[in-house]
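Asker: Could you build all of it, start to finish, from the sequences and the hints given here?
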Amino acid sequence: MNMNYNLQSSNLKASNIPGNASAKEGVKRFGDKRISDILVESRKTNVRRQRIQEFIIEELLFVGGLAAIVFIALIFIFLFKEGIKAFFLIKPLEFIGTHILDFDDNRVFACMWQPVGESGKYSIIPLIIGSFLVALPATLISTILGVGCGIYLAEIATAKIREGVKPAIELLAGIPTVVIGFLCLTILATYVQNSFHTTFRLNAFVGAIGVSMVIIPVIASITDDALRAVPGELREASYGLGATKWETIWKVVVPAGISGVTASIILGMGRALGETMIVVMATGNAALVTGNVFSSVRTMTATIAAELGAVPQGGSQYCALFLVGSILFFITFVLNLVAEMIISRMRKKLRL
Amino acid sequence: MNTRHKTKEQIKTKVKLEGLTFYYGKYKAIDNISMEFFECKVTAIIGPSGCGKSTLIKAINRISEITNDVKVEGKVLLDNKNVYDRDVDLVDLRRRVGMVFQRPNPFPKSIYDNVVFGPRLFGVNNKKQLDEIVEYSLTKSALWNEVKDRLNHSAISLSGGQQQRLCIARALAVDPEVLLMDEPCSALDPTATARIEELIEDLKKYYTIAIVTHNMQQAARISDYTGFLLNGQLMEYNITTDIFTNPDNKVTEDYITGRFG
Numbered sequence: 001m002n003m004n005y006n007l008q009s010s011n012l013k014a015s016n017i018p019g020n021a022s023a024k025e026g027v028k029r030f031g032d033k034r035i036s037d038i039l040v041e042s043r044k045t046n047v048r049r050q051r052i053q054e055f056i057i058e059e060l061l062f063v064g065g066l067a068a069i070v071f072i073a074l075i076f077i078f079l080f081k082e083g084i085k086a087f088f089l090i091k092p093l094e095f096i097g098t099h100i101l102d103f104d105d106n107r108v109f110a111c112m113w114q115p116v117g118e119s120g121k122y123s124i125i126p127l128i129i130g131s132f133l134v135a136l137p138a139t140l141i142s143t144i145l146g147v148g149c150g151i152y153l154a155e156i157a158t159a160k161i162r163e164g165v166k167p168a169i170e171l172l173a174g175i176p177t178v179v180i181g182f183l184c185l186t187i188l189a190t191y192v193q194n195s196f197h198t199t200f201r202l203n204a205f206v207g208a209i210g211v212s213m214v215i216i217p218v219i220a221s222i223t224d225d226a227l228r229a230v231p232g233e234l235r236e237a238s239y240g241l242g243a244t245k246w247e248t249i250w251k252v253v254v255p256a257g258i259s260g261v262t263a264s265i266i267l268g269m270g271r272a273l274g275e276t277m278i279v280v281m282a283t284g285n286a287a288l289v290t291g292n293v294f295s296s297v298r299t300m301t302a303t304i305a306a307e308l309g310a311v312p313q314g315g316s317q318y319c320a321l322f323l324v325g326s327i328l329f330f331i332t333f334v335l336n337l338v339a340e341m342i343i344s345r346m347r348k349k350l351r352l
Numbered sequence: 001m002n003t004r005h006k007t008k009e010q011i012k013t014k015v016k017l018e019g020l021t022f023y024y025g026k027y028k029a030i031d032n033i034s035m036e037f038f039e040c041k042v043t044a045i046i047g048p049s050g051c052g053k054s055t056l057i058k059a060i061n062r063i064s065e066i067t068n069d070v071k072v073e074g075k076v077l078l079d080n081k082n083v084y085d086r087d088v089d090l091v092d093l094r095r096r097v098g099m100v101f102q103r104p105n106p107f108p109k110s111i112y113d114n115v116v117f118g119p120r121l122f123g124v125n126n127k128k129q130l131d132e133i134v135e136y137s138l139t140k141s142a143l144w145n146e147v148k149d150r151l152n153h154s155a156i157s158l159s160g161g162q163q164q165r166l167c168i169a170r171a172l173a174v175d176p177e178v179l180l181m182d183e184p185c186s187a188l189d190p191t192a193t194a195r196i197e198e199l200i201e202d203l204k205k206y207y208t209i210a211i212v213t214h215n216m217q218q219a220a221r222i223s224d225y226t227g228f229l230l231n232g233q234l235m236e237y238n239i240t241t242d243i244f245t246n247p248d249n250k251v252t253e254d255y256i257t258g259r260f261g
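Line by line, the protein sequences give chains U and B.
Numbering follows the numbering used here, in which position 93 of the first sequence is assigned residue number 93; successive positions increment by one, without gaps.
Numbering follows the numbering used here, in which position 211 of the second sequence is assigned residue number 211; successive positions increment by one, without gaps.
Since the hints were made in silico from the structure, they are not lab data.
Mixed in with the good hints, there may be bad ones.
Computed, partial: chain U to chain B, Cβ under 10 Å [stated by the list, open to error]: (1) Gly-97; (2) Ile-100; (3) Lys-166; (4) Ala-168; (5) Val-230; (6) Glu-233; (7) Ser-238; (8) Glu-247; (9) Gly-291.
Because the structure is a prediction, the values reported are computed rather than measured.
We put the CB at the ideal spot given by N, CA and C, even for glycine.
Answerer: Okay, structure coming up:
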């Protein structure tokens, strides 16, 4: 049978198809038209409007998506442009440390952030140390609690408990950080000082506990998602071989979802490094080079937040702060990238 | 229901269901089924989707109750011991009654680690013993020659048919007595299916096999006994050749000849 369907002019009406026209009985008709004829006709009148609509919607979505990328790129460029200027105003070595005279008039090399006056000192070492001295303990605390919570939610909690607990945890992420900072400053700091007899009332450890309030929900939530993405068939297989619930969780589910769990920890650490309000309020803001978590510290974020509003534009300190911002941006960017790569590797591994 | 044993050889009952009724919550998935699975025989369970085939075999190793809210009446006797008794050790039960699932579900670990997963659970850590278990199980599941040079590769890198044979090897590694197979070929192509069927033919020398299948030709090819399930009830249970050539029940005949289902 040779038939030429001219789809462009839509003459593919039911009545045109041989053999079909004979099926007159029992087919719903409006006058002499079948349902298909009505659909084809009404589509003809709609088609132009539809095309315009779709064109506009597609373009709008494209512009929206592009805008997000452009904004990020602009932030990136602006941050680095201002940051680079610091190298022209300040000797690169000074970002590590400067020679100063100590109390006995000896020249010593010191890492100090003291960006005031003619001989401002711009060592970013204490700031980086400060940031990690808060972020690492915070990540450690939140890993233990957050991953545990995620495993509980995904594997142990009944549906009812989960329905109640998960929103509550996500609510914790929604508490304004200034409120958490306030609680750390007023209540937690005293408690920590009394328990550990620390020299400084406000210190990195207090800040770390505060910051973990923010990242525990992040880690718990992503861990929960990662473990729930592990196919139920693997659990069945494990039980089928005689594994107990605990063995199944520990030897099958967690290893299968380990990439997601790792990614959640890295993302949490990124949040911890970027957290500002809590550390401004709770860590004491003394730019010290120290390895003691019970010492006051000054993080990169806190430095920027506290100082940038009060410095003249284009000056040494202004540019140095942008450099600190660039470094922070770079660190968190790398962390997020690594997390993203780990998650995509897990997808591949589980064939999701 | 009528079970006639035409064979003259001595057959021993391995698993016996007595008035088994199985509920998911309030839904009755299996309704008062009594049947036997014989040692070193393949018993196929056929029937339309949702008739309770999978539920029936999963009742034997009590795996449904892990994720579902279930209620069981009646008995499942494994060597004359009710597996629903209070003193039954589930770990031991599931070692004795191995299971192969519908979709190949190897763990995202190496081929070696997949096979030794069971033995390791039971605390076997002797490398030499584990190596021997791996070779034995993979040989039994007809996979050894294909994978012996890459035991450390990820199990996910295998083809679907190989993955399913790996899952069989994994089940064999704990030396079970009964093998439950829940549509083990439904996700495989015809060639892989044929290999699994050959394998089942070989495995029945050592194990009691219960296989759920959608494919009636498969049931006819590989099984010694066939049970036909409809709406949770056992309509007919008999020697496979009788079921397919001379069914007692009109409904069975309609299903087998493809009139519904």
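Asker: Taking the hints in turn, state whether each one holds.
Answerer: To see whether the hints hold, each was checked on the structure:
| no. | hint | verdict |
| --- | --- | --- |
| 1 | Gly-97 | violated (48 Å) |
| 2 | Ile-100 | violated (56 Å) |
| 3 | Lys-166 | violated (19 Å) |
| 4 | Ala-168 | violated (25 Å) |
| 5 | Val-230 | holds (9 Å) |
| 6 | Glu-233 | holds (4 Å) |
| 7 | Ser-238 | holds (8 Å) |
| 8 | Glu-247 | holds (6 Å) |
| 9 | Gly-291 | violated (39 Å) |
The structure is inconsistent with the numbered hints 1, 2, 3, 4, 9, although it conforms to all the rest.
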